[in-house]
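Visitor: One letter stands for each residue in the lines below.
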Amino acid sequence: MNQFDTVLSPNTGWALLAFFGILWIALGIFWGKRAKDMDGFMLAGRNVGLALGSATAMATWVTSNTIMLAPKFALQMGIWGMLAYATASFGLFLFAPMAARIKSLMPKGYTSGDFIRIRYGKVAWALFLLVSIIYSFAWLVSMGMAGGIVLKALAGIPYAYGMSAILFVCVVYTLYGGLYAVIGTDFIQSIIILIGVVLIGAIVVMRVDLDTTYSAIQETQPQLLNIFMPVALLSLFNNMFFGFGEVFHNNVWWSRAFAMRGSVAFKAFTLSGFLWLPIPIAAGFIALCSGGLGINITDPDMVGPMVAGQILGPIGAMVVFVVVFCSLGSSIDSLLAATSDLLVEDVYKKMIAPKASEQRVRRISSFVILGLGLITWLICLPRIGDLIVVLFLSGPLVGSAIWPIITGLYWKRATSAGAISGMLLGSSAGLIAYFTLGWFTATLIATTVSMIAVITATFFSTSDFNWESLNEQESK
Amino acid sequence: MIFPKKIKGRRLFFIFIVSLSLLFPSSFLFAQEPTLKVAFTQPQTLEAEAPEAWIQLEWASQGIPPESIHYELHSCQSLDFSSSTLRYRGKDTASLISGLNPGDYFFEVRLMNQDNTLLTQTSQPLKVTVKFIDFKIVITLLSLGLFVFALTVFTILFGHRNNRQSTGS
Amino acid sequence: MIEFFSSSFFTTLISFSLLGTAAGAICLLILLIRDFIKKQTW
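Chains as they are written, first to last, in the working numbering: chain E, 1 to 476; chain G, 1001 to 1169; chain V, 2001 to 2042.
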């Protein structure tokens, strides 16, 4: 096949989309019936077990980027590219003890915003909400756009139709099913992703000789085997802190912590880290086989599907399509649910209508999910390529939130002054670094400056926070 | 006025027609002068840098090529292409070359006929310089990153341990 | 300073990543069955 062919025909693409779309919506409606109250709708009854908990944490962190970018990283940065990508799992590992702490401090908590508001006050809360909503939208939009782009590249489905179909399916089943639907579909999607990645990787390994592949790389692409590959090392910690910031601050992960039963949270996040860790390597290495097989790569963004399609034929291409669709679905649904929770709980209930009935809150939730989906769709429609930059720029924002959050959870003497200055100074420094030093320094600088601000403020602090106040204010 | 000049007019007309018909084939000759060309469309300059050891190359041909042609992408570390490496042979018009060792590379695209004869090639080779960022900068960022990473992990794990001790789990 | 990952590292890394991913899928399914039996799914 040459560079102008798509790996699948549009009809096959549409058929796969329709099959899985109807399946997710049907399951969403079915599981949604379990939600009898807001605890059910937003937090799946606060009783999620280890299997579903681990799967949802892992699946949400597997985005289309993991499947599509890991091969690109491998192709451009070699073995270190894949290893560096795998370190994104560290965020899940480190969130495990934090999730346990969150549950013990706020057994009836709803959102990350709740924590920041009680711990640090309204100013910090407002700042935090801003950071969180900017990042959540950036992530949602990048996923929506990625969906349209990938479906076009894989199956020739026009961008607007593919993007709209994916958003539509996710909005509908999240609307009807809430977190039950999200977590339930995440489990199925996680199994499909894991099996799909293994299937493609295993067949590639059976068809190529890895020693021959290694020799071919040594011959024509030697730097890919460099232990000190500068480009990969340069961005290693920057990307790691981007990952930490994303996981530590976002309500997607806090809502899961609240949704899991008792001691499950720690184990589930730890396990999800182990589940996620090998995926970038298992999905990425096939790009390294392209040279040895004489496969010409015309577009690095498509190296994964191209190699899978050439080695495995149309079946391989279908597996890639389904895996990408599942990885998109598992992230978009979580974002819709968690961002709507944040807006409903923190903005509507706390600021606008504190005495609203559960029924009313449920209706508002539905409107917010619809609204989020619609706004995302409108932003994705014109396909402004530069929007991806917004996601990169959100790195310093979320990086600056790392230290306020971890010290807020563990240090009695951490103050709101520290949190506010940490977020403001960290974000500013990070954004300046982005444009002056380079993208690979932005989040690292933001985290460092934020850390210094927080530690300095704590050093001079006489504060002695009462942990109980987190629990008292939240009990309903 | 036309009638007395009728014969002269016809002659002129005849000369005009003959000249035109002579011009037509020669106009083909002029049009064919730059018949077939192939050139890089990406990168657009003849000298490019690859700080990350990879380069995305794209090329296009101009003119009307015969039925079955293919391209060959060659690279060489010297300008004379004495010992070139064949990077790609086929009908694609793009290729990503990655994992290059630091140094200068020259690329050219050759347009080949189906019996492997050369039809044309890029008029000037593309020079790609692979040069990594100063390793001192890498070490600085790595050291800073490691330091902040260690502090972050320590804070979380220490806090977790204290929390478990105080709640007596 | 140039050192290269060895061929055996390359092969081992890929094999372990595939095995790990497969083990992950099996582990999740076993856990789900266990949770289902204990009525602890959600």
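One thing to keep in mind: the hints can contain errors.
Below, a list of computed lysine-lysine pairs in the DSSO-like style, where the Cα atoms sit at most 30 Å apart [said to hold, decoys possible]: (1) E/36 x E/412; (2) E/33 x E/350; (3) E/412 x V/2038; (4) V/2039 x E/152; (5) G/1091 x E/152; (6) V/2038 x E/36.
Keep in mind that the hints were calculated from the coordinates and are not lab data.
Visitor: Against each hint, give a clear statement of whether it holds in the structure.
Guide: Evaluation of the provided hints:
1. Among the hinted pairs, residue 36 of chain E with residue 412 of chain E is inconsistent with the structure: their alpha-carbon atoms are about 37 Å apart, more than 30 Å.
2. The suggested pairing of residue 33 of chain E with residue 350 of chain E holds, with an alpha-carbon distance near 27 Å, which does not exceed 30 Å.
3. Taken as a hint, the residue 412 of chain E and residue 2038 of chain V pair is broken in the structure, with Cα atoms around 39 Å apart against an allowance of 30 Å.
4. At most 30 Å may separate the alpha-carbon atoms for a hinted pair to count; residue 2039 of chain V and residue 152 of chain E exceed this at roughly 43 Å.
5. With a C-alpha separation of about 22 Å, the suggested pairing of residue 1091 of chain G with residue 152 of chain E holds against the 30 Å cut-off.
6. Using a Cα cut-off of 30 Å, the hinted pair residue 2038 of chain V and residue 36 of chain E holds, with the two alpha carbons roughly 22 Å apart.
In the structure shown, a violation is registered for the earlier hints numbered 1, 3, 4, in ascending order.
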